[in-house]
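Enquirer: Note that the protein sequences, when read in sequence, are chains A and B. Just so it is clear: in the first sequence, position 281 is 283 by the numbering used here, and no numbers are missing. Just so it is clear: in the second sequence, position 382 is 400 by the numbering used here, and no numbers are missing.
Keep in mind the hints are simulated off the structure, nothing from the lab. These figures come from a predicted structure and were not determined experimentally. Be careful, since some hints might not be right.
Unchecked claim - Here are the simulated lysine-lysine pairs, DSS-like style, with alpha carbons at most 25 Å apart:
{"no.": "1", "chain 1": "A", "residue 1": "K143", "chain 2": "B", "residue 2": "K302"}
{"no.": "2", "chain 1": "B", "residue 1": "K80", "chain 2": "B", "residue 2": "K196"}
{"no.": "3", "chain 1": "B", "residue 1": "K430", "chain 2": "A", "residue 2": "K242"}
{"no.": "4", "chain 1": "B", "residue 1": "K206", "chain 2": "A", "residue 2": "K242"}
{"no.": "5", "chain 1": "B", "residue 1": "K430", "chain 2": "B", "residue 2": "K354"}
{"no.": "6", "chain 1": "B", "residue 1": "K176", "chain 2": "A", "residue 2": "K242"}
{"no.": "7", "chain 1": "B", "residue 1": "K80", "chain 2": "A", "residue 2": "K214"}
{"no.": "8", "chain 1": "B", "residue 1": "K118", "chain 2": "B", "residue 2": "K196"}
{"no.": "9", "chain 1": "B", "residue 1": "K176", "chain 2": "B", "residue 2": "K302"}
{"no.": "10", "chain 1": "B", "residue 1": "K354", "chain 2": "B", "residue 2": "K341"}
{"no.": "11", "chain 1": "B", "residue 1": "K118", "chain 2": "B", "residue 2": "K302"}
{"no.": "12", "chain 1": "B", "residue 1": "K354", "chain 2": "B", "residue 2": "K176"}
{"no.": "13", "chain 1": "B", "residue 1": "K354", "chain 2": "B", "residue 2": "K80"}
{"no.": "14", "chain 1": "A", "residue 1": "K242", "chain 2": "B", "residue 2": "K277"}
Stated by the list, open to error - Over 12 Å on every C-beta distance to chain B, these chain A residues come out as not near it, computed from the model:
{"no.": "15", "residue": "V123"}
{"no.": "16", "residue": "E153"}
{"no.": "17", "residue": "L203"}
{"no.": "18", "residue": "F270"}
Yeah, the Cβ is synthetic: ideal placement off N, Cα and C, and Gly gets one too.
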Amino acid sequence: MPEKPLGGSDEVNPVVDPAAEPLALAESPQPEKTRSAADDIPAPALDDPAAVATPNPAPVVVVAEETRVPPAATIRLERKHPLAIRWMHWVNFPVLFTMIWSGLLIYWNDSDNAYQHPHAVYRIGVGSLTIVRLFPPWFWKAINAPYRVTEGLGYHFFFMWIFAINGVLYVTYLLISGEWRLLVPERRSIADAIQVTLVDLHLRKGLPPQKKYNGAQRIAYASVILMGFGSLITGLSIYKPTQVHWITSLLGGYEMARWEHFWLTMGFCAFFLVHVGQVILAGWNNFRSMVSGYEIVPAAKPSLEEERRTG
Amino acid sequence: MSDGREEREEQEQRRKWEKEHKDPDRYHEEAPRDWERDGDRERRDSQAVEAMDAEVRAQSAKRTRRSFLIAAAAAAGGYSFYRWIDRSPGDQLIPRPLRKMLNFNASVSRGIFEDRGLAPTYPVSRSMELRTNGNYGLKMDLVPDSYRLQMVGVANAKAFPQYVDDVTAWEYQYAAKKDAGPVEHDTKVAPKADTTSGNGSKAKADPNSDAGAGEGPMMLGGPASTMSADGGDKKAAEVKMPPAFEAAFAALKKSQGNKRPRGQEEAGMSDNTLDPGTPGLLLKMEDVTSLPHRDLVTEFKCIEGWSQVVHWGGYRLADLIAKYPPERNPDGTLPKYVYMETPDGDYYCGFSLQACMHPQSLLATEMAGRPLAQWHGAPMRLHMPIKYGYKQIKRIGLIAYTDMQPDDYWTKLGYDWYAGL
Numbered sequence: 003m004p005e006k007p008l009g010g011s012d013e014v015n016p017v018v019d020p021a022a023e024p025l026a027l028a029e030s031p032q033p034e035k036t037r038s039a040a041d042d043i044p045a046p047a048l049d050d051p052a053a054v055a056t057p058n059p060a061p062v063v064v065v066a067e068e069t070r071v072p073p074a075a076t077i078r079l080e081r082k083h084p085l086a087i088r089w090m091h092w093v094n095f096p097v098l099f100t101m102i103w104s105g106l107l108i109y110w111n112d113s114d115n116a117y118q119h120p121h122a123v124y125r126i127g128v129g130s131l132t133i134v135r136l137f138p139p140w141f142w143k144a145i146n147a148p149y150r151v152t153e154g155l156g157y158h159f160f161f162m163w164i165f166a167i168n169g170v171l172y173v174t175y176l177l178i179s180g181e182w183r184l185l186v187p188e189r190r191s192i193a194d195a196i197q198v199t200l201v202d203l204h205l206r207k208g209l210p211p212q213k214k215y216n217g218a219q220r221i222a223y224a225s226v227i228l229m230g231f232g233s234l235i236t237g238l239s240i241y242k243p244t245q246v247h248w249i250t251s252l253l254g255g256y257e258m259a260r261w262e263h264f265w266l267t268m269g270f271c272a273f274f275l276v277h278v279g280q281v282i283l284a285g286w287n288n289f290r291s292m293v294s295g296y297e298i299v300p301a302a303k304p305s306l307e308e309e310r311r312t313g
Numbered sequence: 019m020s021d022g023r024e025e026r027e028e029q030e031q032r033r034k035w036e037k038e039h040k041d042p043d044r045y046h047e048e049a050p051r052d053w054e055r056d057g058d059r060e061r062r063d064s065q066a067v068e069a070m071d072a073e074v075r076a077q078s079a080k081r082t083r084r085s086f087l088i089a090a091a092a093a094a095g096g097y098s099f100y101r102w103i104d105r106s107p108g109d110q111l112i113p114r115p116l117r118k119m120l121n122f123n124a125s126v127s128r129g130i131f132e133d134r135g136l137a138p139t140y141p142v143s144r145s146m147e148l149r150t151n152g153n154y155g156l157k158m159d160l161v162p163d164s165y166r167l168q169m170v171g172v173a174n175a176k177a178f179p180q181y182v183d184d185v186t187a188w189e190y191q192y193a194a195k196k197d198a199g200p201v202e203h204d205t206k207v208a209p210k211a212d213t214t215s216g217n218g219s220k221a222k223a224d225p226n227s228d229a230g231a232g233e234g235p236m237m238l239g240g241p242a243s244t245m246s247a248d249g250g251d252k253k254a255a256e257v258k259m260p261p262a263f264e265a266a267f268a269a270l271k272k273s274q275g276n277k278r279p280r281g282q283e284e285a286g287m288s289d290n291t292l293d294p295g296t297p298g299l300l301l302k303m304e305d306v307t308s309l310p311h312r313d314l315v316t317e318f319k320c321i322e323g324w325s326q327v328v329h330w331g332g333y334r335l336a337d338l339i340a341k342y343p344p345e346r347n348p349d350g351t352l353p354k355y356v357y358m359e360t361p362d363g364d365y366y367c368g369f370s371l372q373a374c375m376h377p378q379s380l381l382a383t384e385m386a387g388r389p390l391a392q393w394h395g396a397p398m399r400l401h402m403p404i405k406y407g408y409k410q411i412k413r414i415g416l417i418a419y420t421d422m423q424p425d426d427y428w429t430k431l432g433y434d435w436y437a438g439l
């Protein structure tokens, strides 16, 4: 699931299109010109209200031939990630890290191989057959986990608030801003995701068209939000299994809830690895947009603003 | 690595793909171009275009610089926040912000749930013998006939036949352990010995293990196993005290009748250990067993992470409290807390009165249909499914009503006082 801006990245579409009607300038004052994709890219940027940071149409060289589109920048800045999302994304990173780290300190308690109840819950196996027990002693030693339970509990029950509040704010923001339209999987997302994955694995060529996120990203990002919600619910059912025992029971009981909480965390770790890998592959322009909010895109690329408003 | 041919092929492929999947938003499609006619003009325009592109990039660079500066400041802020927590002075062995948050969480939990939820119960067939974990306060067998339950703070205590002027004067009789029981490793706190790794070899070095056998140094009047002086305490033992202090200490010991000091485990002596001369009741087991008998099959949950369904038999703590109710404060309110302790004062727990009044808070005398074993806390221990196991004190020697939040063994070692589930 590449975060690559689509468009093969290298060739920026030649924008100055002589075949198009020459009246782009005359049209440009219209503030809300809705761009239907059918009118193939006449004068980009200039008439695009969303091209927030387009430089003041720079010294428009008035050339002799008046029937021509004046030269325009081939690239523009796309407001890709709103400020709120960037903040919440980056706040979540160390907070989730702290939750996982403190969770490991707690979990160490129940994972001591030497004693009589090894891994009743945290293992891969069926019935009495255990294929993998989590985790081996060298792992615990490497992360210096033994006997730091109180620290783990203290941090876990401190940062859970930040994790929960940040998550609630994030989802609320998605709903209010319309950003959810860019992120919730669509009908075609599954097929797209398969295609994207095959392309990523160099098994097939040709990325499907995408707006902000491709199908694989939509599915991944929507899932990780659901996983966060799952972590909160399973966490609560472990934290207060008597007071909210109906939730605990719905989740399959206390031990099941712990198992689910654990594997959701493993899911976060897997997501993290793929996510970071893809960000590295997607390159600087994409990564920068998660910090500054803006991505440099071909001027002709339709703005995301419309999708935010209407889907 | 990519030559032009490959790229052209890829573009061709994509165009085909897009045509097949008719997407209204496509924007890549280029109108056919007349290269000959356009060539000149493009050369002329290209400089202007480049300048404008450069302007866009400059804009981007400006935003990027600003954003990364803010990001760096935020990262520094976040790290300082972590450092502030981590380096805060400790409050009962964890940084104060963490302790405050535990207390805050407790009040949120009390506010929302009021500790009224009932734990689910299970069929007896699902239950099993509880694993033993922690033998603090149980290092020797208690002679059953010598058992008395001390109750302090009971209303109208003098009216009860069990009233005595000094409950602390009662002498419990101990015997060497007949059967150590399946005493297991406790991971809630690091052993005092220097082996702190979590792997197999430590099992033997675990300083708690001697306690199970009942032959540790503590049996001989020495310190309890977890404080064994062959660890890091050697230096402390070598410190020479002034003779005046030594004399005063010896006098104090003598005045205590050379009794074994209380609070010999890692958390030390409880602040709530009774002063000599505290009046109260000395109940016999019959006073408890005359209450209505109850059975309860609930899931026992240890903060270490494990849980077991256990079949308990015993008496409601609420019934005992009703029989021996707390003395009201001068303003007519009930004391807010209950404090419990093992007879030797090594292990102790504090509770809210409300938690003790919970209908599932049980003074357990039986487990799995059999009388409690010594290592499970005979003759009477607490089972409280609204709390973690570390609150479910074994071998209860004292139940005291109090209006101040009582001391708690594991709280002193960094755990939550509330421990509510």
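Enquirer: The structure should be examined with respect to each hint, and the outcome stated for every one.
Expert: Hint by hint, here is what the structure shows:
Simply put, A:K143 and B:K302 have alpha-carbon atoms about 50 Å apart, too far for the 25 Å limit, and the pair is violated. Of the supplied pair hints, the one linking B:K80 and B:K196 is violated, its CA atoms being roughly 79 Å apart against a limit of 25 Å. The straight-line distance between the Cα atoms of B:K430 and A:K242 is roughly 22 Å, inside the 25 Å bound, and the hint therefore holds. The straight-line distance between the Cα atoms of B:K206 and A:K242 is roughly 20 Å, inside the 25 Å bound, and the hint therefore holds.
Pair hint B:K430 plus B:K354 holds up; C-alpha atoms about 20 Å apart against a cutoff of 25 Å. Between B:K176 and A:K242 the alpha-carbon distance is near 41 Å, which puts this suggested pair outside the 25 Å criterion. Between the alpha carbons of B:K80 and A:K214 the distance comes to roughly 23 Å, so the proposed pair stays at or under 25 Å and holds. Restraint check for B:K118 and B:K196: the C-alpha separation of about 44 Å exceeds 25 Å, so the hint is violated.
A hinted pair counts as satisfied when its Cα atoms are at most 25 Å apart, and B:K176 with B:K302 qualifies at roughly 17 Å. This hinted pair checks out: B:K354 and B:K341 have alpha carbons roughly 18 Å apart, not beyond 25 Å. Our distance criterion of 25 Å between C-alpha atoms is broken by B:K118 and B:K302, whose separation comes to about 40 Å. Distance hint between B:K354 and B:K176 is fulfilled; the C-alpha atoms sit about 22 Å from each other, no more than 25 Å.
A threshold of 25 Å between alpha carbons decides the hint, and for B:K354 with B:K80 the separation of about 61 Å lies outside it, so the pair is violated. Straight-line distance between C-alpha atoms of A:K242 and B:K277 comes to about 42 Å, which puts the hinted pair past the 25 Å bound. At roughly 8 Å from the closest C-beta of chain B, the C-beta of A:V123 falls inside 12 Å, breaking its exclusion from the interface. Annotated as non-interface, A:E153 brings its C-beta within 12 Å of a C-beta of chain B; the closest such distance is 7 Å.
Even its closest Cβ contact with chain B, about 16 Å, leaves A:L203 beyond 12 Å, as expected for a residue assigned away from the interface. No beta-carbon of chain B comes within 12 Å of the beta-carbon of A:F270; the shortest separation is about 19 Å.
Comparing the model with each numbered hint stated earlier shows that hints 1, 2, 6, 8, 11, 13, 14, 15, 16 do not hold.
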